[in-house]
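Student: Required output: the full structure, derived from the provided sequences and hints.
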Amino acid sequence: MEKKKEDYIREYLGSADKLGIKLNPPEEAILKTAEMAWVVDSYEVKPGDEPADEPKKKET
Amino acid sequence: MEPFQLTVTESAEKIRYGQLTPTEIVESLLGRIEELEPKVDAWATIDTRGALKSAKTLTREAADGRLRSPLHGIPVGIKDIFNTKGLKTRMGSPLFSDYVPESDAAVVANLRRAGAIILGKTETTEFAYLDPAPTKNPWNMEYTPGGSSSGSAAAVASRMCPLAFGTQTGGSITRPASFCGIPAMKPTHGLLSTEGIFPQSWSLDHVGFMARSVEDLSTTLQTLTGIEPPKTTRKPKIGLASSYFNEAGTVDITCNYNKSIERLKRSGAQLVEIELPESFRVVHPSHRVIMFAEAAAVHEVMFRKNPSSYRQNIQGEVYSGLLIPSSTYLHAQRIRGKFIREIQATMESIDALLTPATITPPLKGLTSTGDAAFNVPWSFSGFPTVNVPSGLNDEGLPLGIQLVGRPFEEANLLGVALWCEEVLLFNNEAPLR
Numbered sequence: 000m001e002k003k004k005e006d007y008i009r010e011y012l013g014s015a016d017k018l019g020i021k022l023n024p025p026e027e028a029i030l031k032t033a034e035m036a037w038v039v040d041s042y043e044v045k046p047g048d049e050p051a052d053e054p055k056k057k058e059t
Numbered sequence: 000m001e002p003f004q005l006t007v008t009e010s011a012e013k014i015r016y017g018q019l020t021p022t023e024i025v026e027s028l029l030g031r032i033e034e035l036e037p038k039v040d041a042w043a044t045i046d047t048r049g050a051l052k053s054a055k056t057l058t059r060e061a062a063d064g065r066l067r068s069p070l071h072g073i074p075v076g077i078k079d080i081f082n083t084k085g086l087k088t089r090m091g092s093p094l095f096s097d098y099v100p101e102s103d104a105a106v107v108a109n110l111r112r113a114g115a116i117i118l119g120k121t122e123t124t125e126f127a128y129l130d131p132a133p134t135k136n137p138w139n140m141e142y143t144p145g146g147s148s149s150g151s152a153a154a155v156a157s158r159m160c161p162l163a164f165g166t167q168t169g170g171s172i173t174r175p176a177s178f179c180g181i182p183a184m185k186p187t188h189g190l191l192s193t194e195g196i197f198p199q200s201w202s203l204d205h206v207g208f209m210a211r212s213v214e215d216l217s218t219t220l221q222t223l224t225g226i227e228p229p230k231t232t233r234k235p236k237i238g239l240a241s242s243y244f245n246e247a248g249t250v251d252i253t254c255n256y257n258k259s260i261e262r263l264k265r266s267g268a269q270l271v272e273i274e275l276p277e278s279f280r281v282v283h284p285s286h287r288v289i290m291f292a293e294a295a296a297v298h299e300v301m302f303r304k305n306p307s308s309y310r311q312n313i314q315g316e317v318y319s320g321l322l323i324p325s326s327t328y329l330h331a332q333r334i335r336g337k338f339i340r341e342i343q344a345t346m347e348s349i350d351a352l353l354t355p356a357t358i359t360p361p362l363k364g365l366t367s368t369g370d371a372a373f374n375v376p377w378s379f380s381g382f383p384t385v386n387v388p389s390g391l392n393d394e395g396l397p398l399g400i401q402l403v404g405r406p407f408e409e410a411n412l413l414g415v416a417l418w419c420e421e422v423l424l425f426n427n428e429a430p431l432r
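Chains as they are written, first to last, in numbering that gives the first Met the number 0: chain H, 0 to 59; chain C, 0 to 432.
Think of the hints as simulated: they come from the structure by calculation, not from any bench.
Source: prediction; values computed, not measured.
Among the hints, erroneous ones may be present.
Straight-line distance between alpha carbons at most 27 Å, and here's what the computed DSSO-like set of lysine-lysine pairs gives [as the list claims (entries may be wrong)]: (1) K55/C with K13/C; (2) K87/C with K304/C; (3) K13/C with K230/C; (4) K304/C with K31/H; (5) K31/H with K363/C; (6) K52/C with K84/C; (7) K21/H with K304/C; (8) K17/H with K3/H; (9) K264/C with K234/C; (10) K38/C with K87/C; (11) K31/H with K4/H; (12) K304/C with K17/H.
Tutor: Have a look at this one:
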């Protein structure tokens, strides 16, 4: 699992080169986002867990 | 009592009975602003001329017995990311330093129609993210007022206006309101339109407001949406989720939370422990992915042209958001759907969920606006929340509780909040030290 996380983060950070933005942004924010993205991608969702809509009013 | 000290409800009553005019209220608040603004820095723009002009019209209408709504003649502060026709709207960014919108945001237009007076624009963090505004906390000027609706919270707390509007994507209404010791409401996602407001993250952004009593919050929401009045609550059934909310906060937060629970219990509240759904553990990462990806989409063109015009935190947000794969973004949205269904089911049997409003008390210094961790789940799910001030820590800084309701059940939530406010009896007069 750890290896997978490292790969994920490496790939995420590697894609920064393709952005073409000349800037040295805060590394901490980028690394934290990469870790969060990995957590999200590692979480299993099942059919029926569709993208969120607005919360619905209860049928009355 | 000076007019600037009056709440929305008190002002409205005096206007209704001809004891006070909108012009007198505006003049009193402008005097208060002149006195305090150099210390507090709550305002990005003060519209003296526009406010006095509106007040004159509304004073005439009131004299003729034509009151537009309970907000007739009530001066309001508006966060500086809401478009206001003819009035600078700077988004807390040098990129918008001269921007003057040609039309009002939908909420601003509705407020004007209801007879509210736009007193000015309140300070925001840069593009409503984390890079702080210059605003100070009226309870102690060495501390942050929180953000991103920093100016709105500080202006209400220091009695420079009785009502102010803000937005919340993570914790940007609840946190500053709690740090400044005032009640605030974030209604269900989408109940108040975000049209004409600069987005932070369009699927998470909420419009909300702050005042000095829960009754004022209720009046404001009823005026803008026509919802029912708060449901009177005798002994509300309140849910607690101690496994997370009683452990993640600092000592003074947890202590105040437990004291508040004890007081509510003694007054008759029925308290039940609820179990947070399993998906709760990925709420914060999913929220960050959605917020950052959407912020990156909003800012990409401007950011590519002017990356160095962005401050440190929002640079990090936009830059790392541009790197998030679309599949990850959509995965986070699916998690959101799952969490909404699960938490809604969990909350079926209670009137409201009770948590501390913030994870820390107001922080010393003006470099950080604090942490939104306790507010994020409700911005993520879109459920309505109310902040109720609940005490002071040893340094004399305000702490609060957050009540969470089921979607579109604001009347019920406000009923519980009114009850809690009566029990907790917080004196919200900031010392301005």
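Student: Evaluate each hint against the coordinates.
Tutor: Hints versus structure:
no. : hint               : in the structure
1   : K55/C with K13/C   : holds (16 Å)
2   : K87/C with K304/C  : holds (23 Å)
3   : K13/C with K230/C  : holds (25 Å)
4   : K304/C with K31/H  : holds (25 Å)
5   : K31/H with K363/C  : holds (24 Å)
6   : K52/C with K84/C   : holds (15 Å)
7   : K21/H with K304/C  : holds (10 Å)
8   : K17/H with K3/H    : holds (22 Å)
9   : K264/C with K234/C : holds (9 Å)
10  : K38/C with K87/C   : holds (22 Å)
11  : K31/H with K4/H    : holds (12 Å)
12  : K304/C with K17/H  : holds (16 Å)
No hint from the list above goes unmet by this structure.
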